[in-house]
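So the protein lines, in turn, are chains A and B.
Using this note's numbering, you'd call the opening residue of the first sequence number 603 and step up by one each time.
Using this note's numbering, you'd call the opening residue of the second sequence number 781 and step up by one each time.
Don't take each hint at face value.
A partial selection of chain B residues facing chain A, derived with a Cβ cut-off under 7 Å [stated by the list, open to error]:
#	residue
1	Arg979
2	Asp982
3	Leu1027
4	Arg1102
5	Ala1118
6	Leu1218
7	Arg1239
8	Gln1243
9	Val1244
10	Asn1245
11	Gly1246
For each label pair, taking beta carbons as the anchor points, the in silico distance ranges come out as [stated by the list, open to error]:
#	chain 1	residue 1	chain 2	residue 2	range
12	A	Pro712	B	Ser806	24 to 32 Å
13	A	Ser739	B	Gln962	36 to 44 Å
14	A	Pro712	B	Gln962	54 to 62 Å
15	B	Gln962	A	Pro873	33 to 41 Å
16	B	Leu990	A	Pro873	19 to 27 Å
Just so you know, these hints were derived from the structure itself, not from any lab.
Remember, predicted model here, so these are calculated numbers, not experimental data.
Where a beta carbon is used, it is the ideal one built from N, C-alpha and C, also for glycine.
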Amino acid sequence: MKQPEEIEQIVHNAAQLLPAQGPVTAFAFLNSLQALEHLPFEEGLARGRDWFGCETYLSEVRYREKLDRGRIRLVDLQETLRQELGEHASEQVGPHGTVFDLRMAMLANPVRSAPVAELNWFMAETDAQRRYRPEVSPEEVLRLSEETRLWALRDVRRESNLHWSKVFPEINEATVDRWTDEEWRAFSLRALWEVCAQGVRELPIPLARCTAMRHRDLLQEFNGVDCDEHLHEFLIPFCAAFIDQGLATLPLPQREAGFWKSFSALHRARPPVEAWLQKLPQTLQQLDSFSAAEIIARQLEDLGIPDREAGEFLTRELLALRGYAGTLWQGEDRGDRFGRPLPKRTLLEYVAVRLTLLKLALAHFIKDVPGCGSVAALRTHLDKVLPSAPVTTLAERTFALFQIAQLMRWSAAALSHLTAEQWETLISEVTRFDDLQRRRMFHLAFERRFRVQALDALAIHNRGRTAERVAAPRFQSVYCIDTREQSFRRHLEEICPSAETFATAGFFGVAMYYKGVADAHFQALCPIVVRPKNYVVEEVVYSLAESHRLRSNARKRLATASHQFHIGSRSIAGGALLAAGLGVMASVPLVARVLFPLTTSRIRRTVGSVMAPPPVTRLRLERLTAEPGDTGDAIGYSLKEMADVGERVLNEIGVGTGFSRLMFFFGHGSFCLNNPHKSCYDCGACSGSAGGPNARALAAMLNDRRVRALLIERGIVIPEDTVFVGGMHNTATDTMTYYDLDLLPRSHFADFEFAREQLDAACQLNAQERCRRFYSAPLDISPVDAMWHVENRTEDLAQTRPEFGNASNAMCVVGRRCRTRGLYLDRRSFLVSYDPTIDDEESTILGRILGAVVVVCSGINLQYFFSYIDPSGWGAGTKLPHNVTSLLGVMDGAMSDLRSGLPWQGVEIHEPVRLLMVIEALPAALEKIMNRNAAVGNILRNGWMQLALMNPHTAELSLYQNGEYVPYVPTIDKLPQVQRSVNWYQGWREHLDFAQILSTTASGGKTPFSPVVAAGARS
Amino acid sequence: MTVFSILGLIVVCAPALLVVVLGVASLIDRPLSETWTQRAVQCAMGVGLVASVAILVMMLAGNERRVPIELGHWVILHDDLPPPLIATSHHDEHTLYHFAFKFEFDRLSVPFVILTFVLCGTIGAFADKYMHREAGFNRFFVLYAVFVLGMVLTSLAGTIETLFTGWELVGLSSTLLVSFFQERPNPCRNGFRVWCVYRLSDAGLLMAALLLHHLSGEGDFDKLMGTGAWPQGAANLPPGLAFTVGLFLVLAVAGKSALVPFSTWLPRAMEGPTPSSAIFYGALSVHLGAFLLLRVSPILALSPVLSIVVCALGLTSAVFARVTGRAQTDIKAVLSFAAMTQVGLIVAEIGLFSWLSRFLSAPYLLYIPLVHILGHGCARTLQFLRAPTLLHDYGVLENAIGSRLSSDNSLSQSWLSERWRIAIYHFAVNRGYLDAVLHRYLVDPFLRVLRWCDRMDDRITEQVNGPVIAKPGEVPALERPVSGSLPGATTLS
């Protein structure tokens, strides 16, 4: 028996594999296989397939669709295959042709398979035996049938070749001489089938048997009984009640006592009616004196699990209900992200309960397994009696070869001469290149296609271009690295070429717990991996304090009433009164909200504004005590900490000099209704919250003269007349909010108004560009209409796609903006500002940037990747039946596991490729960083991300492959050029290729902005 | 043809045409595009709504209480046998069997039809955006059209056969929408469960219809329910018979309206897309049982015992749903139990008022449950549609109140001992054990009988044909436990 400490360790290790997503209200983007990042990518995928039972590649059909649409090209397949095969490529296989040819044939053309009955029907009833596959040209058909004719008439007709003449008796008839071409063609196909059948007949077909570890899988294989189904139906309501954050009004008794105690208290006294649970009270009473780990150890023994299998078995049991298990673990491990955290050891106790129930279920269902005496013996017994089945059938093999022979243009004659060994090689080549391998090849080719395009574009765009910043910028603005901001920046630079833009991770170095003036709780505004130390609150200015008190009291009274109303509508008397008295009135908001969402919401907002907090507020930023805390004077940052934050951000974006008079920081967030997954549209660097307060805090810090003085000591001189403004970009409605404008000096009004005009115009164009992806928006929508369209989407209760978030992400460029300025990246690229010329020998700045960016971006990218590839396995499936549970997550319909991952409507337009990271740095710098930071090293070295480097001096590219930096040679020498990006994007709904935008490269002067209306199709 | 009959025909034909248009297009594998589907839906709903509102206005203006519209007598069997047990009034000739499609516009059916059109129209517009680009878009709207037709037929039915037709269409489309996501096992399993309960309820309705036919030779409500227009009718059945017919009707009502002991199908029906759950189980089809009771309220009025039974059933369900609903942790279950509470209450009201109205001769009392149905339907639909906003709403409330929302256990539970609290929670979280009880004491015995038949069948076959060799581990289909009966997902690829 395992020791309790070992059990605890096993459960702790297994917990790392569980979805680490936490509450859906603070969606954290993470690699679904984060716990396997220490393994090479493909090994991780294999492990993931096995453990999670999910797909890791798209289906072959989907890849073929991409092949047909040109998203994958044949040349990508060829190159990928050549690289994969190496020297093996030129080995001969079959009558003629190489392994490479064989695999290419299988990739370029679908080789179908079907159950035997269908195959027999197919061969008998369709023209498969009369017509060659469409890929074979008429000339080749003629040649093949001529070859077969020669063989048939010369070799087969001879008495000596008795075997074949028995198979084809018609050859010996006299009429054979008068056969038409058509008849010979049919004969050549029939002969091909027979020869293939003959060839594979002698080769053994391996047997496969169920090797599952869990009792449930074996039992299901045996007689179709799924004991998980019974188990989960009983366990899920309890888990949901245990994690409930306040949805149910009747609380779970003794919740505070822990999972096991609470479960035991509930079920010890009375047995449920279900037959399999009759012994539950008595079992619970027996086990009550043991600790959770001891119970697990005992149950493992009763279940017949030997010690060496305990780890794997427990992991698999945990993953069977991974949504709930993951939430239990997160509630215990990251209590700071939960309103009502869960007690320690919750997951361990959950496992104890689960195994106890499992044993009861098995003890009940074992009666359907003849000859098995005890639960402990069940696995060995089933292992013995479960039959093994051949992995394939003769007919399937023959059919595969029959098709391949046609694709390879092998005639029956040629095949009939193969020796037994040659047949064996051929079959093993074909079986080795199975469905999974083909999909893998397709996937690599798909990634290559995008990689080549992206690197080509970067190489061409930077050829002969000197790297320099915008001279004398009118204003500067700093954004999040998000792909959504990339298009915004491009539009801004098109409208106003004298604007300079930067990007850094959207928490702007200000990792804090933040509480807004109308908020009830602190929330963490920083990447999920960081646990902040500082607290910041927003306060109404002193002069408006009284008005604030009145308004917040009014809000409180209204909310209390509205809460009572909600609760009351479910009660008997209250509900009756409401329904009978006011119910019919509900039809008014019902119809209004569905048919006129925007107008309704504007009316509601106007009414609500009476009670909104007063408009003038401040952040309480400066701390008076030595240590940070969440109350009173302990709130905020010390001056030194502020200077640290400021120095860090300015260094990362590479601005030590060249400040303009006005510099903006824009956080971003997204607001939309009726969407439990709203948080996944918010800033990933702020743990799924809006990043506005961070931008505001940074601006306030840098505006502080004392902070500036400290910065001067560190070599950063901010001119007297530079003013920082914080703001927020709402990525759903494409609107901007600016903070603390009442502090803007009079001298800067004109600068601000100029900048605001440009930014508003950029908002409109950005909305227009986003609208091209929405099928419900017209193709040639104008920027003004686009603004209306996107705002309408966010207010619509029926809208399941308020925006697409980062769904189009595929690459990330870390480097100076001049490397990508003027390049149309189709909102596919994260952009991170980094100036290699001001970094030190050790690449400290780059190391710090990559430490955050690599983890965050790979989390976002791989979350999309997996959620798209298997939407119901890794992802949350379609949103339509989602059912908010325990205020923490969603279930599918009436009852299911908690669904982690992204919903299908959010990933629909994604292209699943690993992120292509392009960094403006030298190989040596990167090697140092990968050695220093294990997380970054794992992700990059193990291929969870593709890596390319751009030489800071020559702009030449090199690709990181198998530990080496291989110089990249561009495959094109010219990029398409358009005047403005609207010419490129409008009229097309799918992904777009790269192009050069000319209007951003104008000199520093101001070009007046005129909204572009329907500027025609893309060139 | 009067204006009334033209309008009446429009009301019935609008959804019927929608079914034909969407259905035929799907049958010939040329489903309409999203835009055209939406146009057809809006058009049918708009026309139907306008026509039914016009009828209401005309009825109010002209003080018409009842407008019957007949679509011909489909079957009339005459006979020379003794007249039926009860000689109905206006009965000139003795008919053994008589089957007619007849619609009746009165103060019960017209409000209900208007409610149907308003809610279905709104949900139609909602679903257009909500279901956008979903693979089952067309299927959803075909089923939706069938549902609307069923609702209109049921509410306007002037004969029990017409009512049964609509009742069946509603049941069929509801079930298929529960199992809308047919690639997952749970929706199919729960859809099947809903279907079983519906069949049981249909059996009750069918028995009641049969009895009524047997008694009077036809199923026309106006004949059975007496002369007055709703709610003033007075049935002319002997009280004993009224009680028997009434009991069958109560079975039908209990199944359709999720009363105890069939309640638990309602939360299980929340498998489909949110708008379908909202409209079917929050607003319309769950009220059909109550509607049926209102339609046959004269029968209830005849038998005080029956009224008491109905009233008690309604109250029990309301209390059950209230207690159970409080322990639910997912929003759709919470809302469905809340709906069940109100439906139980409505049923109780009907039981009480139909008897009271006769006792006090105050028929207008029956308007109370009708208004209750209409109000509850609208309010609950809005709540269902907003269900995904729950997290946002809770956040807003918490922010305004300034603390975590408390669960109100202080008042109702503080006087209970810990033991009772646990007992109540146990009852609530297991949904009153109804599922398990039904399964153990109704389904299992039934299955045992079937399995016995199966074995007998096998034995006889064996004697005729010689022994059948079964593969090891293979269990005959009926031997598999029913809740796990979906062999389903053995993927071929």
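Subject >> List of violated hint numbers, smallest to largest >> reply: 1, 2, 3, 6, 7, 8, 9, 10, 11, 14, 16
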